[in-house]
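Let the hints inform the model, and build the full structure from the sequences given.
Residue numbers (the working numbering), protein chains in the order written: chain P, 479 to 832; chain U, 1035 to 1422.
In short, the hints are calculated from the structure, not lab data.
Quantities reported herein were computed from a predicted structural model and do not represent experimental measurements.
Where a beta carbon is used, it is the ideal one built from N, C-alpha and C, also for glycine.
Worth double-checking, as some hints may not be accurate.
What follows is a set of in silico ranges between Cβ atoms, one per label pair, in the way DEER data are often shown [what the hints assert, rightly or not]: (1) P:GLU725 to U:PRO1113: 18 to 24 Å; (2) P:LYS797 to U:GLY1176: 54 to 60 Å; (3) P:GLU596 to U:SER1242: 35 to 41 Å; (4) P:GLY527 to U:SER1242: 20 to 26 Å; (5) U:ARG1143 to P:GLY527: 37 to 43 Å; (6) U:PRO1178 to P:GLY687: 26 to 32 Å; (7) U:ARG1237 to P:ARG521: 36 to 42 Å; (8) U:ARG1143 to P:THR677: 37 to 43 Å; (9) U:GLU1233 to P:ARG801: 30 to 36 Å; (10) U:GLY1232 to P:ARG521: 35 to 41 Å; (11) U:GLN1227 to P:PRO512: 53 to 59 Å; (12) P:PRO512 to U:MET1421: 56 to 62 Å; (13) P:ARG521 to U:GLU1233: 33 to 39 Å.
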Amino acid sequence: MSNETTPAAGAATADNEWITLLCDNGRTGGQGAPPLEAPSRARWQLRLGSSVRSAPVLDHGILYVNSLAGNLHAVNVETGRLEWKFQAAGQIHSTPSLYKNKALFGCDSGMVYAVNRETGAKFWEFHTKGEVWVSPVVRNGVVFFGSADGHMYAADAESGKLRWTEQLAGRVYSTAYAAEKNLYVGCGDGHVHSLDAATGKILWSTATGNGIDSSPALVGDTLLIGSEDFFVYALDARNGAVRWRYETGLGISSSPAATVDTVYIGSKDGFVYALGTKAGELKWKTRAGEVVTSPPVFSEGVVYIQSFGTMALDGTTGKLIWRAGLGGSVQGAPVVAEGVIYVAGNGGEVYALE
Amino acid sequence: MDRRTFVKRTCVGSAVLFLSGTDALAYDDEVQLPLPPPIDVREAPLGKRSPLGMPGLYPGRVVELSDARSIAGNRVSQPVVRQMLEQGMKELTGESSVRAAWAKFVEPRDVVGIKINPSGAPACCSSPELVREIVSAVESVGVPTENIVVYDRFGYEMDIGSYQLLMPPGIRVVSVQGDRLDAAGYDANVYCQAVFFGEWETRSYMASIVAGGVDKIINVPTLKDHSASGVTGSLKNIGYGTFNNVARSHRAPYSFTNPLIGVMCSVEPLRSKAVLNIMDGTRMVWHGGPLTQNQDFIYQAGILMLSTDPVAMDTIELEIIEKKRRDEGAPSVWERNQKSITSNNGEFYHDATKNLYYRQPGHIAAAGKLGLGVSDLKQIDHREVRMG
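Here is the structure:
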């Protein structure tokens, strides 16, 4: 079991761990995992009875899925049966993160919860004044999250006690990237911010042309993020300087999955893009058929993404490898682990496809 | 009935009204369309109807502002939209100050709902840039930030439009239902009831946020054609955007959006609370509405329209869309030729001569006959303002 949602850069988690949005805070997705062939059957499917607007996470045989009904569900991946569920105070759009024996997530009534992963009992709750759609991320025992109340928060992951808070000028729906000393996060006012992880002090801010829903990824010292201003940005993580930007056809809510060579990201213009990480050149773009707001996941040679269904694209060419009409989602991302792809979506169904 | 009143407005009476001398339910030479069934309405006690409610303070007056700088490369310019909105509010009300113009519609004690139209996001929906300007204007009158609610029925469509993200902190951004079938956000005591196609679920309930959550509503529709109703403007955004279970009113190729749209708009307290319509015409969908993402049919028109009268506004909207369709060589939305009907969605979304339904733009005139506004073009005070 991983103790942090933030492994060292490039150190992908074990094949049976997928502990936060896009696997780990490095947004490494399924990197290192072998590509999946077109799924031929559902090992199981589970009807939650309420829409899923976040991504599932996985650790040691338990899939954790949040739903709009305000439930965190713990699902046994062998059987597809529910182990337990926790009722939050409001709808949940937040992807859970796992830290030690806790599942952490936010809800629309402004709470962030830490729930016992074994039993579903609540350890602590933290109150903000706006909905929390982001996935809390943990580094060095501190959990970081933003709220629609326009603040970034840092709290002790064990106790939920506030460490610091910092006011930003817009709502925060971007899940922060927690590096060793810095946080990186997008904001509804259109800025990308770097904050001191110890104090919350803003170190630099870079303006884009519209709000930022996208959650950043870091490759070396290059910070990658999308903006509702239609552009994908690569920023110098040290000072926020724009290294390159690439214009898509509409706004970007999707978050990047990045390797040293390639950044994969979707756009509301209906395309999935592959861009060079260093210079931002277009390698390929593939029409998904519908609006793409979910983040992609990249395993060895394959990009998986949910739109109105789930697709696998060749990572080198962008050609469609397979498409499944399951798992339609506006915010989710698939979990790819041990030869199985887990998807959940707007319809409130969870599938294990193999 | 407790505090509520049961009002039965069967269409036996109303239908006679509709059928006499109006195109609303006219028969076509080629296709004979079915007559609409009776619609029963149960609404909140009428009491005294608000003078601000439909058709509002300025019946028949429509201010149309155009500025080519308001949109470029699919990006809406908030500063230009602000200028258009300010100019439009002064023109609509005759006030010399923007604040005084807004004060005619909202008071500091009001809870103000801003009804957006996110269907069709992201290609064509109520622009967040415009909605932010409306929020700012409402705040300028003294309405506390926490008493401003940006809302629509469908949460997933609002998600695609990123409205939650793009509104200022403190504004409530609310969806009536998270799922397609989620009915918890509706008031069981206010509804319209009818059987259109033999469906089992015959009621459409009013959203609780309208029935009891807000005092005033500012309606922010978009400028679009609609495959079933002809156009989707002020009336459809506020009517079908307030009640659930409305898709049942159209089953290809037939549509009973006329008269259901107007009937829904007439139900209290919706009628009294909807005080102002601000149509976002920065983008115009002239075919494939309301959901198309096909940029071939989306024109960057650079228009904003303001009116308290949704019927007059939609009458002008219909004229604009008809002109654009003529310019593009597409048939009128009034056309009822069997050859134009397709059951193939792909064909509809790529061929402007094809449609899924016999459209019902007559719902606008029908709403006029219900007293919601002026549908006679000759009586509409259409004020065009060219800005940039």
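Do the hints match the structure? See the list:
| no. | hint | in the structure |
| --- | --- | --- |
| 1 | P:GLU725 to U:PRO1113: 18 to 24 Å | 21 Å, holds |
| 2 | P:LYS797 to U:GLY1176: 54 to 60 Å | 58 Å, holds |
| 3 | P:GLU596 to U:SER1242: 35 to 41 Å | 38 Å, holds |
| 4 | P:GLY527 to U:SER1242: 20 to 26 Å | 21 Å, holds |
| 5 | U:ARG1143 to P:GLY527: 37 to 43 Å | 40 Å, holds |
| 6 | U:PRO1178 to P:GLY687: 26 to 32 Å | 30 Å, holds |
| 7 | U:ARG1237 to P:ARG521: 36 to 42 Å | 40 Å, holds |
| 8 | U:ARG1143 to P:THR677: 37 to 43 Å | 41 Å, holds |
| 9 | U:GLU1233 to P:ARG801: 30 to 36 Å | 32 Å, holds |
| 10 | U:GLY1232 to P:ARG521: 35 to 41 Å | 40 Å, holds |
| 11 | U:GLN1227 to P:PRO512: 53 to 59 Å | 57 Å, holds |
| 12 | P:PRO512 to U:MET1421: 56 to 62 Å | 59 Å, holds |
| 13 | P:ARG521 to U:GLU1233: 33 to 39 Å | 36 Å, holds |
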